[in-house]
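J.: As they're listed, the protein sequences go chains A and B. For reference, each letter of the first sequence is one residue, going 14 to 125 in the numbering used here. For reference, each letter of the second sequence is one residue, going 2 to 114 in the numbering used here.
Read the hints as simulated data drawn from the structure, not as lab findings. By construction, the Cβ of each residue, glycine as well, lies at the ideal position given by its N, Cα and C atoms. One or more of the hints may lead you astray.
[What the hints assert, rightly or not] With a straight-line Cα cutoff of 30 angstroms, these simulated DSBU-like cross-link-like pairs (lysine-lysine) come out:
| no. | chain 1 | residue 1 | chain 2 | residue 2 |
| --- | --- | --- | --- | --- |
| 1 | A | LYS82 | B | LYS58 |
| 2 | B | LYS58 | B | LYS43 |
| 3 | A | LYS67 | B | LYS79 |
| 4 | A | LYS120 | A | LYS82 |
| 5 | A | LYS16 | B | LYS58 |
| 6 | A | LYS16 | A | LYS120 |
| 7 | B | LYS79 | B | LYS43 |
| 8 | B | LYS43 | A | LYS65 |
| 9 | B | LYS84 | B | LYS58 |
| 10 | A | LYS16 | B | LYS43 |
| 11 | B | LYS58 | A | LYS117 |
| 12 | A | LYS117 | B | LYS84 |
| 13 | A | LYS117 | A | LYS67 |
| 14 | B | LYS58 | A | LYS120 |
| 15 | A | LYS82 | A | LYS117 |
| 16 | A | LYS65 | A | LYS82 |
| 17 | A | LYS65 | B | LYS84 |
| 18 | A | LYS82 | A | LYS16 |
| 19 | A | LYS67 | A | LYS16 |
| 20 | A | LYS117 | B | LYS79 |
| 21 | A | LYS120 | A | LYS65 |
| 22 | B | LYS43 | A | LYS82 |
| 23 | B | LYS43 | A | LYS124 |
| 24 | A | LYS120 | B | LYS43 |
[Said to hold, decoys possible] Incomplete in silico selection of chain A near chain B, CB under 7 angstroms:
| no. | residue |
| --- | --- |
| 25 | PRO20 |
| 26 | GLY56 |
| 27 | PRO57 |
| 28 | GLN62 |
| 29 | LEU102 |
| 30 | GLY111 |
| 31 | ASN112 |
| 32 | PHE115 |
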Amino acid sequence: LAKTTQPISMDSYEGQEVNITCSHNNIATNDYITWYQQFPSQGPRFIIQGYKTKVTNEVASLFIPADRKSSTLSLPRVSLSDTAVYYCLVGPYGGSQGNLIFGKGTKLSVKP
Amino acid sequence: EPEVTQTPSHQVTQMGQEVILRCVPISNHLYFYWYRQILGQKVEFLVSFYNNEISEKSEIFDDQFSVERPDGSNFTLKIRSTKLEDSAMYFCASTLAGGYEQYFGPGTRLTVT
Chain A
14 LAKTTQPISM DSYEGQEVNI TCSHNNIATN DYITWYQQFP SQGPRFIIQG YKTKVTNEVA
74 SLFIPADRKS STLSLPRVSL SDTAVYYCLV GPYGGSQGNL IFGKGTKLSV KP
Chain B
2 EPEVTQTPSH QVTQMGQEVI LRCVPISNHL YFYWYRQILG QKVEFLVSFY NNEISEKSEI
62 FDDQFSVERP DGSNFTLKIR STKLEDSAMY FCASTLAGGY EQYFGPGTRL TVT
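Please build the complete structure, drawing on both the sequences and the hints.
T.: Printed below as a string of structure tokens:
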């Protein structure tokens, strides 16, 4: 499994766009990039997944450059409720190889 | 929107006792998982389950742990003889096609005294 590196913490203010970058230099050809969000005392929540270029859903956008050695999760106009830990995971799309290996993630604090 | 449910939300037990944590995965999902998170630490993989058998397990998942899918809807984690260090949040997850898009339940907080 590719190792990922992301900032331990980030601070932002309400209404700002937040970009969290994850490095994954050893990403394999069949690996996808997946981001999860976790609030205190809750289970992780799947946010977005992508393979290359850009993916957008109602929650976030994921930008992946051509070399795929990094990715950026973009949260538009954050609110206080976006305060959470965000995890970047890299691994294969399907099949039984789904045991998620979580790192420490990025603790995002949104201030008023 | 379908969701994974877990019961109980909080379980307190004495060291050495057996506990069973219950999960109801999303109904059409085929892959099931248990994870745990000790307070203040990372989420850790315990076991994956597919086609009525364990697919993978971590070093944490020793002989004291077992999983079962006793019927078409429940997925259980049993800890035979609990230890103090088993105190953690236990999360169940499920997914339709395997892989990294998993749906987690709200967790069971296990406290071993």
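J.: It remains to establish, for every hint, whether it holds in the given structure.
T.: Hint check:
Our distance criterion of 30 angstroms between C-alpha atoms is met by A/LYS82 and B/LYS58, whose separation comes to about 29 angstroms. Between B/LYS58 and B/LYS43 the alpha-carbon distance is near 17 angstroms, which keeps this suggested pair within the 30 angstroms criterion. The suggested pairing of A/LYS67 with B/LYS79 is violated, with an alpha-carbon distance near 42 angstroms, which exceeds 30 angstroms. Restraint check for A/LYS120 and A/LYS82: satisfied, since their Cα atoms lie roughly 22 angstroms apart, inside the 30 angstroms limit.
Proximity of A/LYS16 to B/LYS58 is assessed by CA-CA distance (about 20 angstroms); at most 30 angstroms being required, the pair is judged to hold. For the given pair, A/LYS16 sits about 18 angstroms from A/LYS120 by alpha-carbon distance, which is consistent with the 30 angstroms threshold. Straight-line distance between C-alpha atoms of B/LYS79 and B/LYS43 comes to about 21 angstroms, which keeps the hinted pair within the 30 angstroms bound. Among the hinted pairs, B/LYS43 with A/LYS65 is consistent with the structure: their alpha-carbon atoms are about 27 angstroms apart, no more than 30 angstroms.
With a CA separation close to 19 angstroms, the supplied pair B/LYS84 and B/LYS58 stays within the 30 angstroms bound. Between A/LYS16 and B/LYS43 the alpha-carbon distance is near 15 angstroms, which keeps this suggested pair within the 30 angstroms criterion. Proposed proximity of B/LYS58 and A/LYS117 is supported: the alpha carbons are some 21 angstroms apart, at most 30 angstroms. Restraint check for A/LYS117 and B/LYS84: satisfied, since their Cα atoms lie roughly 25 angstroms apart, inside the 30 angstroms limit.
Between A/LYS117 and A/LYS67 the alpha-carbon distance is near 25 angstroms, which keeps this suggested pair within the 30 angstroms criterion. For the suggested pair B/LYS58 and A/LYS120, the alpha carbons sit about 28 angstroms apart, so the restraint of at most 30 angstroms is met. Taking the CA atoms of A/LYS82 and A/LYS117, the gap is about 19 angstroms. The hint holds against a cut of 30 angstroms. This hinted pair checks out: A/LYS65 and A/LYS82 have alpha carbons roughly 10 angstroms apart, not beyond 30 angstroms.
A threshold of 30 angstroms between alpha carbons decides the hint, and for A/LYS65 with B/LYS84 the separation of about 45 angstroms lies outside it, so the pair is violated. A distance of roughly 11 angstroms separates the Cα atoms of A/LYS82 and A/LYS16; the hinted pair therefore holds under the 30 angstroms criterion. Restraint check for A/LYS67 and A/LYS16: the C-alpha separation of about 21 angstroms stays at or below 30 angstroms, so the hint holds. Taking the CA atoms of A/LYS117 and B/LYS79, the gap is about 27 angstroms. The hint holds against a cut of 30 angstroms.
Distance restraint check for A/LYS120 and A/LYS65: the Cα-Cα separation of roughly 25 angstroms lies within the 30 angstroms cut-off, and the hinted pair is therefore satisfied. Only pairs whose Cα atoms come within 30 angstroms are accepted, and B/LYS43 paired with A/LYS82 is accepted, the gap being roughly 23 angstroms. Annotation: proposed proximity of B/LYS43 to A/LYS124 holds, straight-line Cα distance about 24 angstroms (limit 30 angstroms). In summary, the hint linking A/LYS120 to B/LYS43 is supported, as the alpha carbons are separated by about 12 angstroms, within the 30 angstroms threshold.
The closest approach between the C-beta of A/PRO20 and any C-beta of chain B is roughly 16 angstroms, which is over the 7 angstroms cut-off, so the hint fails. A hinted interface residue such as A/GLY56 counts as satisfied when its beta carbon comes closer than 7 angstroms to some beta carbon of chain B; here the least separation is about 3 angstroms, so the hint holds. Because the beta carbon of A/PRO57 sits about 5 angstroms from the nearest beta carbon in chain B, less than 7 angstroms, this interface hint is met. A least Cβ separation of about 6 angstroms between A/GLN62 and chain B falls short of the 7 angstroms threshold, and the interface hint therefore holds.
Taking 7 angstroms as the C-beta contact cut-off toward chain B, the hint placing A/LEU102 at the interface holds, the least distance being around 6 angstroms. Because the smallest distance between the Cβ of A/GLY111 and any Cβ of chain B comes to about 5 angstroms, under 7 angstroms, the interface hint for this residue holds. For A/ASN112, the interface hint holds, since its Cβ comes within 7 angstroms of a Cβ in chain B; the closest pair sits about 4 angstroms apart. At its closest, the beta carbon of A/PHE115 sits 4 angstroms from a beta carbon of chain B; the interface hint therefore holds under the 7 angstroms criterion.
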